[in-house]
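Participant: These are the residues of each chain, in order.
Protein chains: 2
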Amino acid sequence: MSKFFITGCFENGDEIKLDGPNSHHVRHVLRMKTGQELTVCDGRGFDYLCSLSRFDDDSVFVSVNSKLKTPAEPTVLVSLFVAMPKSDKLETVIQKAVELGVYEITPFFSSRCVSRPDDRAQARKTERFRKISEEAAKQSGRGIIPNIHEPVGFDDMLKKATEHDLSLMAYEGERNVSLLNALQNKGNFLRVSAVIGSEGGFTSGEAEAANASGLITVSLGPRIMRCETAPIAMLSAIMFFTGNF
Amino acid sequence: MSKFFITGCFENGDEIKLDGPNSHHVRHVLRMKTGQELTVCDGRGFDYLCSLSRFDDDSVFVSVNSKLKTPAEPTVLVSLFVAMPKSDKLETVIQKAVELGVYEITPFFSSRCVSRPDDRAQARKTERFRKISEEAAKQSGRGIIPNIHEPVGFDDMLKKATEHDLSLMAYEGERNVSLLNALQNKGNFLRVSAVIGSEGGFTSGEAEAANASGLITVSLGPRIMRCETAPIAMLSAIMFFTGNF
Numbered sequence: 001m002s003k004f005f006i007t008g009c010f011e012n013g014d015e016i017k018l019d020g021p022n023s024h025h026v027r028h029v030l031r032m033k034t035g036q037e038l039t040v041c042d043g044r045g046f047d048y049l050c051s052l053s054r055f056d057d058d059s060v061f062v063s064v065n066s067k068l069k070t071p072a073e074p075t076v077l078v079s080l081f082v083a084m085p086k087s088d089k090l091e092t093v094i095q096k097a098v099e100l101g102v103y104e105i106t107p108f109f110s111s112r113c114v115s116r117p118d119d120r121a122q123a124r125k126t127e128r129f130r131k132i133s134e135e136a137a138k139q140s141g142r143g144i145i146p147n148i149h150e151p152v153g154f155d156d157m158l159k160k161a162t163e164h165d166l167s168l169m170a171y172e173g174e175r176n177v178s179l180l181n182a183l184q185n186k187g188n189f190l191r192v193s194a195v196i197g198s199e200g201g202f203t204s205g206e207a208e209a210a211n212a213s214g215l216i217t218v219s220l221g222p223r224i225m226r227c228e229t230a231p232i233a234m235l236s237a238i239m240f241f242t243g244n245f
Numbered sequence: 001m002s003k004f005f006i007t008g009c010f011e012n013g014d015e016i017k018l019d020g021p022n023s024h025h026v027r028h029v030l031r032m033k034t035g036q037e038l039t040v041c042d043g044r045g046f047d048y049l050c051s052l053s054r055f056d057d058d059s060v061f062v063s064v065n066s067k068l069k070t071p072a073e074p075t076v077l078v079s080l081f082v083a084m085p086k087s088d089k090l091e092t093v094i095q096k097a098v099e100l101g102v103y104e105i106t107p108f109f110s111s112r113c114v115s116r117p118d119d120r121a122q123a124r125k126t127e128r129f130r131k132i133s134e135e136a137a138k139q140s141g142r143g144i145i146p147n148i149h150e151p152v153g154f155d156d157m158l159k160k161a162t163e164h165d166l167s168l169m170a171y172e173g174e175r176n177v178s179l180l181n182a183l184q185n186k187g188n189f190l191r192v193s194a195v196i197g198s199e200g201g202f203t204s205g206e207a208e209a210a211n212a213s214g215l216i217t218v219s220l221g222p223r224i225m226r227c228e229t230a231p232i233a234m235l236s237a238i239m240f241f242t243g244n245f
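For the protein sequence lines, the chains are A and B, in the order given.
Our numbering puts the first residue of the first sequence at 1, with every later residue one more than the last.
Our numbering puts the first residue of the second sequence at 1, with every later residue one more than the last.
Okay, chain A solo, but in the shape it has when bound (with noise of 0.2 Å):
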């Protein structure tokens, strides 16, 4: 059935807009008629699956049949941190994090990062990587539009990253702690922070300063993955770990 996205709280027999694209996609794109049914979602984890029930010249009317909770939110928050990566790599990351349940995505710049966008072209990527998380959550059927944040900078992705309950960086150099280890060792936990490095990963002094900050370091294997597999296998892991999967 298909979904859209809108801000605000709503209860049985409410009565709800849908204009802009929402109302451009019901009628143009699929050609609803009244009676039909689509599912609304707010965003904060509720879906409302609802009744088309009337038009005008601008907008399409729905009206509230059921509320329920979004049953494909997972039980862990992760919080991926990425290292900007060239070419239109981080648009598939974002795509497919957004289906595998990611909470939300911060684009960070690290010394090895050859993409440095301009802050003209950096708004526009924004844009693009918003646009790619909505559609991503509509079609995988999310309770929330994962947002993506500005990129950051090393440090101030530290700060944010060892605010969770568990924060974990991806470190090709790391030798000891795997992934599995990481998880085991923390037990319970409701908010992760994964961190990846771009192409070429992290320098030794970068992984460093995020041990030093809190972080934990942890391998993902013997083989090198690209710098657009390993958020999608860390993510994987951690859903699969967590039983959201």
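Rather than coming from a laboratory, the hints here were simulated on the basis of the structure.
No experiment lies behind these values; they were computed from the predicted model shown.
Relax, there's no trap hidden among the hints.
Identical copies go unnamed one by one, so any copy, or any two together, can satisfy a pair.
No more than 35 Å apart at the CA atoms, straight line, and that leaves these computed lysine-lysine pairs for DSBU-like:
#1 86 - 159
#2 89 - 69
#3 3 - 86
#4 69 - 86
#5 33 - 86
#6 131 - 89
#7 160 - 69
#8 159 - 89
#9 69 - 186
#10 138 - 89
Given the coordinates of chain A, assemble chain B onto it according to the supplied hints.
Facilitator: Just chain B now, with coordinates in the frame of chain A:
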């Protein structure tokens, strides 16, 4: 260090001849000189650390300094069966799956596959798939080049997929058995089949036929993954569960 796959079995002190594209790569891409080091892999799990000994008109000769078991090979052999998706999605799946440690990949046709290339187009595709597997194997440091088989029909897939210790099919309609349940129930296994659908997944009839053949249908959770995300997520989880990550 650069890695080259060749056929053969060697011991310390042996001289190995690299010709064709390997020789071209050493001479004209890497512009290596005698004395420099490179890794040769026999594609059957052994790496040979070599140094460049001499050139002739077409070939490059290297001597084996040491032979070791390729450290990057996983302890579990995962055979991935992927229903042929649209456009170039299977290329993405092959690249990522090889990085993640897949053993072999067999494309197959199910009733919801839209892509039905004719024999000539299929032969070109298979050749391209094998090239992608080889590139990804080199890049990620694998000890084998995972074989990409010719596509098979649904019934042949069922026969091949049920030859292994544990045979799993990701099925959206499965409500009771998670991937974790299926892996935990089995305990020890060396060879696993993982069967994944194309756009739209499998019909209930196909899932029943799979169950009747001995495949265990498993859920990958409440979010709807794209057909190119599901095999990457499933393979990541299997590698993570078996400590190969």
